[in-house]
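**Q** Residue numbers (my numbering), protein chains in the order written: chain P, 1 to 399; chain X, 1 to 207; chain C, 1 to 114; chain L, 1 to 652.
Hints in this document: simulated from the structure, not taken from any laboratory. Warning: the hint list may mix true and false statements.
[Stated by the list, open to error] What follows is a set of in silico ranges between Cβ atoms, one per label pair, in the way DEER data are often shown: (1) X:S152 x L:P512: 52 to 60 Å; (2) X:S207 x C:P55: 17 to 25 Å; (3) X:G128 x L:I615: 29 to 37 Å; (4) L:R506 x P:L102: 49 to 57 Å; (5) X:S152 x C:A43: 42 to 50 Å; (6) L:A50 x X:S207: 54 to 62 Å; (7) L:R360 x P:L102: 33 to 41 Å; (8) L:G79 x P:F63: 38 to 46 Å; (9) P:L95 x C:V95: 28 to 36 Å; (10) P:L102 x C:A43: 51 to 59 Å; (11) C:G66 x X:G94: 51 to 59 Å.
Don't be surprised by glycine CBs; every beta carbon is placed ideally from N, CA and C.
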Amino acid sequence: MILKRLCRSGPAVLAGGLLALLSGCAAGAELDTLKPQGPYARSIDNLSDPVFMVAGVVFFIIFGGTALMWYRFRDDHTDEEFPEQIHGNFRLEILWTVVPALILVVISVFTIATLTGLNEYEDNAMALSVDGAEVSWEPEILVVGQQWWWEYRYYFDGLDGLDLSDARHLPPADIVTANQFAIPAGEEIELTLVSRDVIHSHWIPALNGKRDAVPGRVTSWKIAADEPGFFFGQCTEFCGLSHSRMRMQVVAMTHDDFQDWVRRQLQPAAEPTGEAAVRGREVFESQCARCHVVNGVNDETSKGADLVSNAAPNLTHLMSRTTFAGGIFNLYEPGGNLNRTRLEAWLRNAPAEKPAYAEGRRGMPAMGLSEDQIDDVVAYLVTLGETPTLDIIAATEVE
Amino acid sequence: MADVMTTEAPAAAHQSEGAGTGISNNKLLMWVFLGSECLLFGGLISTYLIYRSRFHTGPAPGDIFDIPFTSVSSFVLLMSSLTMVLALSALNRGDIRNNRLWLLTTALLGSLFIGGQVYEFTTFVREGLGYTTSPFSSAFFTLTGFHGIHVSVGIVMLMSLFISSLRGSLRQEHSETVEIVGLYWHFVDIVWIFIFTVIYLVPSPTS
Amino acid sequence: MSTTDIAQSGDTSHDGGHGDEGHEHPSDAKYIQIAAILGVLTALEVSTYFVNIGPALIPTLMVMMGVKFFLVAAWFMHLRFDSSLFTKFFVGGLVLATGVYMIALTAFEFWTKG
Amino acid sequence: MTATTTTPATVGEGAAAQPLGVYTRPKGGNGWRDWVTTVDHKKIGILYGAAALFFFAIGGLEALLIRLQMATPDGTVLGADMYNQVFTMHGVTMVFLVIMPLAAAFANYLLPLQIGARDVAFPRLNALSFWIFLAGGLFLNTSWLFGDAPTGGWFAYAPNTGVTFSPGHGMDFYALGLQITGIASLLSAMNLIVTVLNMRAPGMTLFKMPVFTWMILVVQFLLLFAIPVITVALFLLLFDRNFGANFFNPEMGSDPLLWQHLFWIFGHPEVYVLILPSFGIVSEVIPTFSRKPIFGYEFMVFSGIAIGFMGWGVWAHHMFVSGVGPIAVGAFTLSTMFIAVPTGVKILNWMATMWGGKLRFTTAMLFATGVVSMFTVGGLSGVTHAVAPADTQQTDTYYIVAHFHYVIFGGALLGFFAGFYFWWPKVFGHMLGERLGKWNFWTMLIGFNLTFGPMHILGLQGMSRRIDTYSPGFGFELWNLVATIGAFTIALGVLFFALNVIFSARRARGLPPVGPDPWDARSLEWFCPNPTPVHNFDELIQVESLDEFWHRKYGTDENGRIVRVATAEEVCQKGDATDVHLPSPSYWPVVLAAGFPLIGYGIMYNLWLCAAGGILVVMSIYAWVFEPPDDPDGAHGHEADGAAEPEEAPVG
Ligand code: HEA
Ligand code: HEA
Ligand code: CUA
Ligand SMILES: [Cu+2]
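Bound-form chain P, shown alone (with noise of 0.2 Å):
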């Protein structure tokens, strides 16, 4: 950029710089704004820097001349000799009205033009075999906020003509996944948001500013991840008791993973075949399938209609993710185990692991299962979906 070109000079570069240093030499800074991942994340980085960098300059010129007045004009007491009396100067003054004036102009059209750039959309349709069939997918996700997860949705056919304005009563998904998603690295994806109950804000840092999930509204924004990799976000919208506990995460893949992926998730739920993961199946039936969904066990339309926001997350591929309840515990165990502890915790007492107003039927309840029913949920929920591998587990990790 040439605006950016143009103010790395002097004081700039050290503002900027100090700037830059102090907040990158964090380790694991995984949602460091200043570390753009994707093109529209960069286009904004290329933006705000050189406006920073303005900043910065303005800055030490107002913070140096005030020491610097400091220093020469203080009263030294050596003479009672009063200063000059100066009432104004009309031209300074004009100077000191345009000239900023002008700068901000000039920030002005490189706002106004990413700005556009940000808004715009194209087609950008890819070939992807879904169910054995070839399909050209604009790639586009609906993004659904509630207290205080979010859900994934993936409509092979594409979003249009769907009717959106009800959020707690959506039309069946291709997919639907919770917390972590995962797209097709180098594409632009469209988010569609809509939101179960509050505003919430949806933010990945790295591949793109946020936009929120306002109720009754649909709002769309767009990511885009140059390569492969993980990108971790959180809801940036105060929605409420656990608002802190409402992150997420993206998993951009090569075109080859992103179908593998596809292909995996459209699987429907694998029959359990040991004795405790029947028994689990029978206790999830009874207890938790009027909130969760698991494709071929129940579906989307029974949910439980009491939740304020009328949906849990569809446990079909629950073992596909590695982070449950809001992306805030790891599934795993760095080594790949299962993390049995947290799992367990939360299904004997949900609201004690995450702050929820489950009597307000908001969140989890506490369920009430003894430990051997415990025991057999977790057999069964460990045959849902596949394993990640090793390295997707360290990379994910949040606790």
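Keeping the supplied structure of chain P fixed, place chains X, C and L with the ligands upon it in accordance with the hints.
**A** Just chains X, C and L with the ligands now, with coordinates in the frame of chain P:
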């Protein structure tokens, strides 16, 4: 209200040569207040406009408004502005009797308007438009309700003036009090002129 | 209640003290005339409910409303005769309210989608 | 009478019984009754200041709790629910119960003095404003006692604040409390506007008013027009919550963005309400201690007015990511950026004022120059938010928290501290200690930068705001700890201030009040002796120029050099006038104000209370109206006989 109206000590007798505007403090206060009221009613009217087509499953504005009826009550309120100004004019002439008469008439016309509004509201409720029926209904009742409360406050003030006139304490030299109440009254009328046109006469959505 | 304001307190003669120094009040006849115009305008406004005047409707209504508004403010509220400061406050509030809320309505796509 | 300051603000001692019996005005004695019934703008100013500092301690304690919770990852000092209550009440308290009333304190005390007036236009109304404010503030804070403080954030976004998602009474406390304090602000705005327009001393044209007075005037207009907007918003919220209305209920087809628009249409002018009084103070302090007139007076005034105007057209910059559409975002991004222009004029004019001056680094001056540099940091980060695409990364992160604390703490609050040090002798007759003052300044400045500086980094590293805790591993640990240490350093600074207040009062005990004009000051308030006598000015001041006081002290000799022509003692009034007529105190402001919290509790808990409150209010209004004009004490005569000052017509 004259004699019973509170009067503060003069801020300072010698303040008289000050660099002020030469306008009475009270009147200025009322005008400043009316400027502020513009933003209040503006907010309520905008809310209504945004929500007028969101009637959910309830009646739509276009289905429910009774234009002829509201026209009559609007006319009543409009004419109360005339009687208000006649009351002031009478007092300015020192004509206490007519002042009293017109004050009372104004209050009566205002009450008639309020009566009409009560009637309108009850009809609407009977037709299925409750306060909680839809965003439209909430916005409608809130806007017109706020206006109605303003009118009612005006009536209370007019009646207070009327009573103090009966007690002989509203005299020619107190015409500014009447004028100030009048300003308030006309403002409320003006707001209704706006509401009547924009909310009732401009065609509303129907279901 | 006293009518003389601070700035004029040297002047103890109570002549109504409207700050409209020297201006004659309009006569009652004038007020009635204004009210008649207002009445006629209202009748015209209401008539649009019965007579279809097509796309001219909203502009016509707005103009008539504006005239009514103006007449009440100018005559009944004495803005014509009173200190221009009052007009400034009132118009200031009005313009600010109109501007701000129009922008807000625009943000709600009110003009385009109703 | 003589200018002893401890005597209550009345000359009506021994007033005879009034014909209207019960409505007799209080005589104003000593002690608390005098404070409760006072209508003296100076006392009301002091009351505002004291109340604001009280709430500052509460809001500050809340801030310290926030920082304790955030000091380490997975903090456990407060639970999620408690944290949400604390940060909400912190924001609400600081904005509505600290910064706004501090501005009211300075405005009330100084504005009549700066324009050479005896009092504000409506002294009783002024008292009413204060009591309503206090009633509202206490009402809000009693939500703690009910265990039900609001949790929706100070911005209270719908629908999270509706009954479905905030079922307790917390948000009712919020809505009712702000409604009550809103009434107070509105009344006082109207009052001060009339005061400035009508009560100026002879010769004081608008463009001879001090910049502080100007800024206060602009602020009152902002309040006048902004308060009704939040009034509407709060009513809608209240009706939604309590009467089942559908303003913010998406289920029924309403739009949550309506709240955001209304809140920020109010909210952005509000932030200039917070900053402009401080700009005014700085504009008085810097010239005084630079020994130069303010540079570009007209530019200073017009830029203040321009900021006030432009502030109305930028509100949606708080909604850049809420999906208002790219055109709206583009428009508001542009309008927001250009607000930097008039603000920049102010900053640069202050610097030009210092340029070539002879700077005396009193504590007041230190604070004022602190504002110049620290506010600039906040303003510049504001400009980086104004760049909408950049803001999509910044919004709702600690970067925003850094921005607004720099403008509010570094701009508004430091400015008020400058004001404290500058006008303390005017108000209390003794100076605040300079030694402790410097400790106060430096600990606060360092603490402030330690607290909020790192928040820039945290925000850009992606730390969200309004989160009750964060996980380790995102790189947030270090800077959060630093910020917490900083917050406690600020607390230390505040402590130095408190000590300074106590020690300097103790030191001054038994000593005569400080002489006139301790700072070689410039504006009208210094014509009065220190502390200001109850009646303000002995005689009217004929104003010839801006900085009238200074011009009476200095002239030029034949070489054009500035020379002293009169001592301060010669110029200052003695404060011994005896013929000044003072407004009598009144019970009704405080009684009337007490009705409002009753109505508030009533709406939440029991409608009978509501009725009681309503009756109290209506009764007090009538009592107010029937209250006799004045004490009939003939000693001072009714010089201006009919020229009494009717306060509140039974209108509005
Ligand atoms: C005292 C209060 C105060 C003041 C004065 C300001 C001043 C400004 N604010 Fe700030 N603001 C807040 C209080 C304040 N703000 C608060 C409380 C919030 C958060 C609300 C919430 O969400 O809870 C907020 C949030 C906020 C946002 C929304 C951020 C978000 O949530 O996403 C934005 C966006 O544009 C913004 C912008 C600005 C700008 C451009 C100014 C400008 O007025 C600043 C202008 C000043 C300067 C720029 C410095 C001096 C100028 C020069 C030396 C000239 C040269 C300069 C250039 C050429 C750049 N502010
Ligand atoms: C208006 C002015 C104002 C002021 C002055 C402050 C002052 C401070 N603020 Fe505040 N803050 C806001 C306005 C303000 N804030 C607002 C509007 C929000 C947004 C809320 C929201 O999101 O809804 C916010 C949010 C906010 C947050 C973000 C919370 C979150 O998003 O999760 C944080 C975090 O650190 C913070 C910290 C502080 C600190 C450390 C101070 C310090 O400067 C405080 C210093 C003061 C003291 C330390 C007090 C000293 C007093 C004592 C020690 C008491 C002694 C006691 C007795 C004598 C009885 N503030
Ligand atoms: Cu969802 Cu915050
Ligand atoms: Cu703003």
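**Q** If a hint holds in the structure, say so; if it doesn't, say that too.
**A** Here's how the hints hold up against the structure:
1. X:S152 x L:P512: 52 to 60 Å: holds (58 Å)
2. X:S207 x C:P55: 17 to 25 Å: Since S207 (chain X) and P55 (chain C) have Cβ atoms about 23 Å apart, the given range 17 to 25 Å holds.
3. X:G128 x L:I615: 29 to 37 Å: holds (36 Å)
4. L:R506 x P:L102: 49 to 57 Å: holds (55 Å)
5. X:S152 x C:A43: 42 to 50 Å: Check failed, 27 Å falls outside 42 to 50 Å.
6. L:A50 x X:S207: 54 to 62 Å: holds (58 Å)
7. L:R360 x P:L102: 33 to 41 Å: Since R360 (chain L) and L102 (chain P) have Cβ atoms about 36 Å apart, the given range 33 to 41 Å holds.
8. L:G79 x P:F63: 38 to 46 Å: holds (41 Å)
9. P:L95 x C:V95: 28 to 36 Å: About 32 Å separates the Cβ atoms of L95 (chain P) and V95 (chain C), which means 28 to 36 Å holds.
10. P:L102 x C:A43: 51 to 59 Å: holds (57 Å)
11. C:G66 x X:G94: 51 to 59 Å: About 36 Å separates the Cβ atoms of G66 (chain C) and G94 (chain X), which means 51 to 59 Å is violated.
Of the numbered hints given earlier, the model fails hints 5, 11; all others are met.
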